[in-house]
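Trainee: Protein chains in written order, with our numbering: chain A, 397 to 710; chain B, 10 to 324; chain C, 415 to 949.
Keep in mind the hints are simulated off the structure, nothing from the lab.
Treat the hints loosely; a few may be bogus.
Claimed, not checked - Lysine to any residue pairs mimicking SDA-like chemistry, simulated, CA-CA at most 25 Å apart:
(1) B:Lys123 x B:Pro46
(2) B:Lys123 x A:Gly552
(3) C:Lys782 x A:Glu588
Okay, here's what each chain looks like letter by letter:
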Amino acid sequence: MRWWRRRETGTMVGLLLLCVALFIATPYFATVDNLRNVAEQSTVIGTLAIGMTFVIIAGGIDLSVGSVVALSGVVLAMTLRAGTGAAIAVALALLVGAATGAVNGALVTIGRLPPFIATLGTMSVARGLALLLADGRPISGFPDGLRALATARWFGLPVSVMVMLGLFAIAQLVLTRTVLGRFTFAIGGNAEAARLAGIPVRGYTTGTYVIAGVSAALCATLLLARLNSAQPIAGIGYELDAIAAVVIGGTSLLGGSGSVLGTLLGALLMSVLRNGLNLLGVSSYIQQIAIGTVIVSAVLVDMALQRRLRHTPS
Amino acid sequence: MRSLALMRVLGVLVAGALAALTLAACNRGGDSAAAKPVVALVVKTLNNPFFIEMEAGAREVADSLGYELLVQAPEREIDVERQMQIVENLIQRRVSVLALVPNGSRELVPAVVKANGADIPVVIVDTRLDAATLSAAGGRIATFVGSDNVDGGRLAGRFLVEALPSGGQIAVLEGIPGHETGDARLTGFREALASAPSLRIVASQTANWERDQAFTVTQNLLQAHPDLEALFACNDVMALGAVEAIAAAGRTDRIRVVGFDAQDDAQQAIREGRMAATIAQNPRAMGRLAVLSAARLLAGDTLPAEQPVPISLVK
Amino acid sequence: MPSTVGTTTPATTPRLQMRGVRKAFPGVVALDGVDLEVRAGEVHVLLGENGAGKSTLINVLGGALRPDAGAIALNGETVAFSSPRDARARGIAIVHQELALVPALSVAENLLLGAPPARAGFVQRAQLHAEAAAALTVLDPSIDVRQPVSALRLGQQQLVEIARAMRGHPAVLVLDEPTSALTPHEVTRLFDGIRRLTASGTSVIYISHRMDEIAVIGDRITVLRDGRHVTTVPAHPLQHEQLVRWMANRDDVAGDAAADPMPATAEASRVVHRDPRVTPSAGATSRLRVHALSRRGALYDISFSADAGEIVGFAGLLGAGRTELARALFGVDRLDAGEVFVDGLRVHCTHPGDAIRAGFGFVTEDRKGDGLLLMRSVRENIALPLLRSLARFGVVPRPSETTLAEDAVRDLRIRTPSVQQSVLALSGGNQQKVVLAKWLATGARILLLDEPTRGIDVAAKAEIHALIRSLAARGVTVLLFSSELPELLTLADRTLVLRGGRLVGDVARADSSAERLLALAVGAVDAETHAGSAA
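Put together the whole structure using the sequences plus the hints.
Mentor: Next up, the structure:
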């Protein structure tokens with residue numbers, strides 16, 4: 397597909413125009429420091445949205461990621477406080493994320509529950525587990541090792557940003573070039589056709605939920621580095637932000653098409669918007685309206701696009 | 010097919026950029042680098058009348074001094090990360106002074122350190138930062154403006170001790186765990202109760218400073234403790250939620266509710282007899298004092314580490 | 415059975431007149447000045463390839479599209495429809511191929527959808543059911559109007575949809591491929607209903623590719639090609655070959671009447687010469703041997719065998735078990751009993767993956783529903799079952815995939831600008847070729863084809879038939895499940911007839927005829943087997 401026709405180009409141009417508008421509106425936007433901040437601020441939702449992209453492309457949805465952020469964050473924190481090395485602690489957190497993903501996958505594929513309902517359930521359960529493990533209190537005070545993710549810099553950018561970009565690059569590769577990625581698109585596009593072509597639909601669908609869970613755990617790691625604490629009430633509402641980033645980026649909620657690159661642009665766009673509105677001193681209430689408007693227009697355009705595509709004479 | 014990409018651009022652009030531009034136009038007012046001092050007040054959330062009062066007080070002083078006042082907050086008190094982002098963005102905005110009511114006593118320390126690095130003085134309001142974490146990170150604040158929450162808790166406890174001389178069962182609604190304000194109030198409350206062993210706390214649950222959560226939690230507590238005689242909520246927002254639940258269960262006459270913050274609604278409830286008492290913190294005074302402190306800082310004064318705002322019992 | 419023409423009075427103004435209708439979309443001119451004239455009470459057949467403009471013309475007539483130019487006149491009065499509702503109000507009723515019924519509602523509610531008999535806002539149930547039953551008397555009185563539409567067979571649903579349109583006594587009724595899911599019995603009833611309608615003055619525009627039906631019900635035929643009106647001729651005598659020639663715009667159409675359903679023509683005996691080594695022979699090990707297959711409620715003790723290079727047809731009424739057998743062989747549905755042997759080895763397929771590995775390929779009857787990934791490209795669709803074997807360390811190398819797809823496109827002569835083209839934009843015939851290509855790429859040696867030419871225009875149908883023959887010539891075993899008897903008669907070396915989930919006949923080509931197969935399918939004669947097909 398020619399590059400100017402791709403959905404991501406539209407989001408990219410929208411993002412650039414937003415930046416230009418902010419550049420005009422306030423002198424504080426286009427400074428190196430501020431842009432660095434924006435990049436860093438986008439890592440939290442950005443990382444979370446990577447996994448969400450996979451799930452949505454495969455035709456599902458995952459409402460539990462916010463709670464999984466909390467749960468894996470708490471596990472990470474408790475392990476670190478117990479004195480274990482950062483690598484093992486992170487691995488354990490990733491395992492927790494993967495496990496919740498596997499549960500989601502099983503509920504959807506074997507239990508045949510609609511993804512919305514299944515992940516709504518795990519959302520509650522994971523949140524409860526997080527609160528239980530942490531006894532309701534935030535856990536803080538960690539050795540410097542992991543904190544470096546937020547504080548250290550590589551090539552002028554915070555390490556967390558580099559990590560996020562790296563994850564996006566890997567995800568893009570997986571989606572476009574590997575069997576896993578292609579099967580994800582196939583299942584989302586037409587699960588029955590995929591099954592008849594011999595694709596193990598159940599296994600690969602569960603795989604996308606596992607990826608979402610791991611994404612959530614990675615997000616929790618970045619959060620812990622940034623805030624120096626893990627709260628069992630963290631991540632409330634994050635799943636909606638993640639879905640917003642995916643949708644603004646051009647992935648269709650109906651499944652079968654989309655890209656991780658678009659999600660990255662979507663996450664950046666939301667961060668830039670919030671940052672700009674803060675800089676301009678716009679009231680928080682209006683900020684909420686603005687974000688909501690962007691999401692709705694993005695989906696409206698997406699739906700209109702789908703209708704145009706369906707109507708091409710065949 | 011070309012129009013498809015264009016439609017995308019339009020859609021995303023219209024909402025985002027237009028919002029920014031039009032609002033920028035509204036917000037501009039001869040905004041140049043050092044014309045008027047800009048004081049930023051970042052509160053926990055603007056969904057709580059307590060902080061709206063605080064904003065009002067701050068605005069009074071800011072207007073009279075000719076300062077520009079920026080008030081920002083995340084949607085919910087639990088959103089720590091969002092508050093951190095707001096602080097970071099305001100630092101970029103090169104505000105003259107930052108007044109902050111932290112959503113996380115430990116979590117916001119890194120943000121304060123960043124403000125230090127940008128030479129922006131920091132005034133902490135109402136909720137203290139954790140001292141150990143602050144000094145470990147090498148951060149410093151100019152002053153703390155707020156009430157002594159421990160004392161306030163004591164006042165509330167003493168009120169109930171006097172109101173229930175023969176003792177009884179008490180339930181407690183806590184704030185967000187880890188918030189210094191809530192913890193302090195609880196500490197003071199328990200201290201006051203220590204002198205009256207016949208008064209027992211039979212349940213202590215959190216409702217995260219939120220009214221609807223308080224309603225649900227209280228409903229459940231009422232089921233579990235049919236002989237409850239009193240309830241202490243760490244803020245009025247929760248107290249009012251509890252009051253509704255108690256009224257729905259028809260036990261308004263039998264349970265005394267004590268809140269904290271002395272919001273208008275709470276005071277009304279006290280007048281109507283639905284609530285017993287509340288602790289007045291005077292958020293408006295806090296707001297005023299915060300901006301006054303900013304003014305003094307900009308003038309070069311040093312301020313005392315603590316500037317207490319007096320509290321009183323309202324019944 | 416010549417059709418009884420209704421009150422056709424050539425002297426009066428025609429019921430419908432469309433003149434110089436133009437409609438263009440970005441990149442394509444769908445209608446380029448089309449003329450159509452339909453008389454009152456006639457059955458006017460609209461014939462043309464996919465892409466000829468039939469659907470667009472009907473959509474313009476139905477008010478869903480506004481023409482860029484041209485005029486429509488109803489009973490001599492110029493009209494311009496602003497919406498489908500407007501067109502309906504003026505007496506234009508259209509029954510599309512895709513059913514527009516609400517599955518959860520009852521038959522009666524669907525028949526009177528939008529205007530149920532009501533008093534003060536409350537629906538009058540008894541009246542609703544009475545009116546609905548009345549509407550169905552001619553087409554199918556056996557349908558219980560109280561049951562939900564989803565409980566009906568596809569054919570019955572189609573009849574309900576048609577009855578709904580007929581109910582309003584429209585001025586013009588358009589039927590788009592109305593018989594695709596009907597049993598021959600139902601087709602007869604439909605034609606009865608049509609005749610009654612035309613007798614009372616309604617004009618019917620009938621879109622179909624089935625020459626035998628056109629011969630029975632049509633009065634006149636209009637051929638469209640590339641958005642233009644080519645000719646309008648009487649339906650009798652039916653000039654098959656000439657009609658196909660008018661419709662097709664390509665010179666390399668494989669044989670004039672390759673889709674000729676009449677068994678008596680030269681086509682039937684135009685047997686493609688096969689490699690003698692793979693000629694079906696009774697003695698050699700069969701490519702496929704099936705023994706006592708059973709599936710509760712669908713298949714009972716089915717046994718047969720098929721050789722390499724053989725085309726075995728499966729005939730039977732709807733619900734007789736054709737699709738169920740195909741699905742069971744492919745591992746989509748579970749078998750309760752029975753064994754399947756491929757090249758002498760027992761295979762146990764519980765999942766399509768097993769079947770693919772055993773050498774099966776399955777072209778389903780609903781290519782859009784479960785045969786293709788509509789939003790993806792030709793390349794991606796063709797390569798889908800092979801991705802894992804093409805991949806190195808989980809990554810799929812683009813060049814090998816593209817080469818695979820391009821070879822397939824060339825081999826099967828799929829008409830597409832490139833392999834990156836989304837399959838959604840291809841015509842029905844080419845889409846079906848993509849599905850075939852997908853299976854051929856896996857090296858499938860036993861192809862299960864379920865209604866392979868449904869919804870495909872005549873010329874493409876001929877190509878696919880030729881393709882099937884050449885595949886058999888290469889040694890592929892083809893199991894052809896089809897409801898089109900003419901198709902089976904042309905292609906199959908033998909035809910097995912299913913009835914009620916059982917095999918009731920095994921008829922060799924030489925002994926086949928539409929009547930014979932039909933008789934077996936409906937049970938007019940007892941089961942019989944061909945001597946040489948020992949299972």
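Trainee: Could you run down the list of hints and mark each one as holding or not?
Mentor: Hints versus structure:
A threshold of 25 Å between alpha carbons decides the hint, and for lysine 123 of chain B with proline 46 of chain B the separation of about 20 Å falls inside it, so the pair holds. The suggested pairing of lysine 123 of chain B with glycine 552 of chain A holds, with an alpha-carbon distance near 16 Å, which does not exceed 25 Å. For the hint pairing lysine 782 of chain C with glutamate 588 of chain A, the CA-to-CA distance comes to about 11 Å; that is within 25 Å, so the pair holds.
Checked against the numbered hints listed earlier, the structure breaks none of them; every hint is satisfied.
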